[in-house]
Amino acid sequence: MGAPRARRWKLLLPPFHSAKRKPPLPPPPAPVAVAPAPGKEEEVVPEEFLCPISGAPMADPVILPPGRTYERACVDACAGLSLCPPGASAAAAAAIPNDALRAAIRTWCARHGRAPPAPPSAADAREAVLLRAVPAAAARTTTVATMVPARSSSNLSCSSRASAASTSSSGSSSEMATVEVVEVPRAKEVAELRVAEAEEVKEKEKEVAVLRVAESEEEKEVAVLRVAEAEEKEEEVVMVVAKVVEKGDEDQVEAAMAVLLRETRESEERRRALCVPRLLAALRRVLHSKRHSPKAHADAAAALANLTNEPENRVPIVRAGAVTALVEVISLGTASPEACEHAAGALFGLALDEENRAAIGVLGAVPPLLDLLTARDHAPRARRDAGMALYHLSLSAVNQSKLARAPAAAKNLLSIASDSTTAEPMPIRRLALMVICNLAKCAEGRAALMDTGAVATVSAILSDDAHRSELEELCVAALFGMSRGNPRFRGLARAAGADRPLILISERAPAGVHKEMARKALRVVLGLGDDSERDLPDFMNGERNVNGGGIAGSSVPVHRRRAASWAAAPPAQTPPNAHQWRSVCID
Numbered sequence: 001m002g003a004p005r006a007r008r009w010k011l012l013l014p015p016f017h018s019a020k021r022k023p024p025l026p027p028p029p030a031p032v033a034v035a036p037a038p039g040k041e042e043e044v045v046p047e048e049f050l051c052p053i054s055g056a057p058m059a060d061p062v063i064l065p066p067g068r069t070y071e072r073a074c075v076d077a078c079a080g081l082s083l084c085p086p087g088a089s090a091a092a093a094a095a096i097p098n099d100a101l102r103a104a105i106r107t108w109c110a111r112h113g114r115a116p117p118a119p120p121s122a123a124d125a126r127e128a129v130l131l132r133a134v135p136a137a138a139a140r141t142t143t144v145a146t147m148v149p150a151r152s153s154s155n156l157s158c159s160s161r162a163s164a165a166s167t168s169s170s171g172s173s174s175e176m177a178t179v180e181v182v183e184v185p186r187a188k189e190v191a192e193l194r195v196a197e198a199e200e201v202k203e204k205e206k207e208v209a210v211l212r213v214a215e216s217e218e219e220k221e222v223a224v225l226r227v228a229e230a231e232e233k234e235e236e237v238v239m240v241v242a243k244v245v246e247k248g249d250e251d252q253v254e255a256a257m258a259v260l261l262r263e264t265r266e267s268e269e270r271r272r273a274l275c276v277p278r279l280l281a282a283l284r285r286v287l288h289s290k291r292h293s294p295k296a297h298a299d300a301a302a303a304l305a306n307l308t309n310e311p312e313n314r315v316p317i318v319r320a321g322a323v324t325a326l327v328e329v330i331s332l333g334t335a336s337p338e339a340c341e342h343a344a345g346a347l348f349g350l351a352l353d354e355e356n357r358a359a360i361g362v363l364g365a366v367p368p369l370l371d372l373l374t375a376r377d378h379a380p381r382a383r384r385d386a387g388m389a390l391y392h393l394s395l396s397a398v399n400q401s402k403l404a405r406a407p408a409a410a411k412n413l414l415s416i417a418s419d420s421t422t423a424e425p426m427p428i429r430r431l432a433l434m435v436i437c438n439l440a441k442c443a444e445g446r447a448a449l450m451d452t453g454a455v456a457t458v459s460a461i462l463s464d465d466a467h468r469s470e471l472e473e474l475c476v477a478a479l480f481g482m483s484r485g486n487p488r489f490r491g492l493a494r495a496a497g498a499d500r501p502l503i504l505i506s507e508r509a510p511a512g513v514h515k516e517m518a519r520k521a522l523r524v525v526l527g528l529g530d531d532s533e534r535d536l537p538d539f540m541n542g543e544r545n546v547n548g549g550g551i552a553g554s555s556v557p558v559h560r561r562r563a564a565s566w567a568a569a570p571p572a573q574t575p576p577n578a579h580q581w582r583s584v585c586i587d
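Using the UniProt record's numbering, the letters of the sequence shown map in sequence onto residues 1 to 587.
Misleading hints may appear alongside valid ones.
Here are the in silico distance ranges between beta carbons for each label pair [what the hints assert, rightly or not]:
#	residue 1	residue 2	range
1	E215	A79	30 to 40 Å
2	V315	A408	24 to 34 Å
3	L211	L395	57 to 67 Å
Rather than coming from a laboratory, the hints here were simulated on the basis of the structure. Note that beta-carbon positions come from the ideal geometry of N, C-alpha and C, so glycine has one too.
Generate coordinates for the entire structure from the input sequences, incorporating the hints supplied.
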């Protein structure tokens with residue numbers, strides 16, 4: 001027999017494919033489901049209609065190289081963050097509108113009853129870009145998403161139907177884990193970016209605050225420099241004026257007084273700063289000197305008048321001895337009318353301060369002011385300032401006695417008050433009556449007034465003067481003042497017929513101080529005394545007599561009927577006092 005034959009084995013192998021297997025692709029992003037219209041089933045938006053960045057249907061699609069389409073708002077957000085959209089190689093400047101895709105999206109929405117997609121807001125687009133542009137999170141997402149489908153496919157190739165079901169459930173759970181793994185670092189990155197932005201905003205606010213503080217400090221320094229410059233300028237003016245006055249050159253003194261007058265017209269702060277003893281001494285020296293020109297005297301008096309506009313300057317000016325110089329200017333006939341006018345204005349300003357009134361009266365200002373008021377040849381403004389100064393000075397009891405003892409003071413005042421011709425202005429008449437009212441407050445003044453016939457003069461003004469309606473209030477106040485504690489008043493008033501106008505005023509004047517003074521003066525005239533508890537007779541309080549219906553009745557005494565026939569209409573109310581302190585400076 002021959003040698004044994006070798007055995008041959010046949011191996012059955014599965015068919016071999018020489019082509020290389022491609023690695024599995026990452027799963028596409030989950031399609032976004034759009035809310036269906038009522039009564040229709042939910043339909044999935046095609047993937048080509050979705051933006052790769054936001055994952056939402058595109059409202060304004062644009063094409064970027066190398067040919068991918070994005071939402072325009074997301075592209076703009078990438079440009080604002082200096083980022084390039086994922087999968088693109090160009091910035092937003094190279095974007096080309098994809099009108100065909102936009103029309104297809106709108107057609108699909110209209111066919112399925114959907115509303116056209118709206119472009120996302122800038123904040124939403126920025127948020128989507130930030131979430132998409134985190135490299136670490138994107139890398140983790142790719143790795144996990146690649147692993148999950150590979151494992152599920154191997155399970156499906158070697159397991160039964162039951163194992164396939166379990167694999168699908170494990171695949172879904174691993175997808176959920178992937179989302180959780182990705183979302184956590186993305187949220188942390190966004191929070192860190194927001195914290196960084198907040199810190200930058202805070203740093204900018206701190207820088208702005210520091211700049212503002214620096215600006216405020218610079219403004220304070222500028223203000224301090226300005227104050228220092230103003231003080232230096234004031235000191236310079238005072239030094240120059242004082243040196244010029246000490247030298248005594250007439251032309252230089254005149255020019256210095258003109259400069260000083262301009263300086264006192266600038267501002268309140270300027271006038272307060274210039275009121276220093278050295279400057280006041282220089283002005284006093286100029287006013288006392290007779291060698292300087294009338295213009296220098298007038299400018300010096302005007303500068304003092306301007307300085308008295310500030311209440312803080314009035315007491316220092318009196319203490320500096322300027323009153324005697326002003327009195328000398330008014331009393332001497334050699335001074336110019338302009339200098340007298342400004343000197344009277346300065347005394348008026350000084351008399352406004354209550355502390356100065358007694359001192360000004362003691363320094364001899366009352367007689368020259370009275371002469372200036374009663375002199376009709378002076379300017380009305382000079383007479384008005386003199387009258388206002390005299391009125392304020394006469395508010396002091398010391399000056400009231402001085403005015404009462406002045407020769408012919410009461411007579412001259414009554415002469416001005418009773419002059420109803422057009423030659424005497426009404427403001428001057430009112431000023432004279434105002435001084436008479438102050439003079440009637442003291443016993444010496446009342447006696448001096450009654451000796452010169454003040455009761456008859458005032459009664460005549462109330463009865464026959466053409467301007468009695470304007471002077472009525474002051475005349476009643478003068479009669480009321482003279483009726484206080486003087487037994488001579490009753491006889492003089494009855495002889496002058498003062499009861500008739502007082503009765504009319506008591507009946508028809510409106511309620512107030514004016515009417516009350518008239519009623520009290522009438523009580524003295526009728527012999528009822530000044531007791532306010534005792535009322536006037538019935539004919540004074542009857543409603544018929546007050547209303548004018550019972551004026552001619554038999555119950556009214558004879559003198560009452562004569563008084564009623566004197567004026568049928570009630571006197572007009574006194575207009576407000578027009579003599580107010582001028583707050584403007586002298587030019």
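**Hints that the structure is at odds with (numbers, increasing)** = When the structure is compared with the hints, none of them turns out to be violated.
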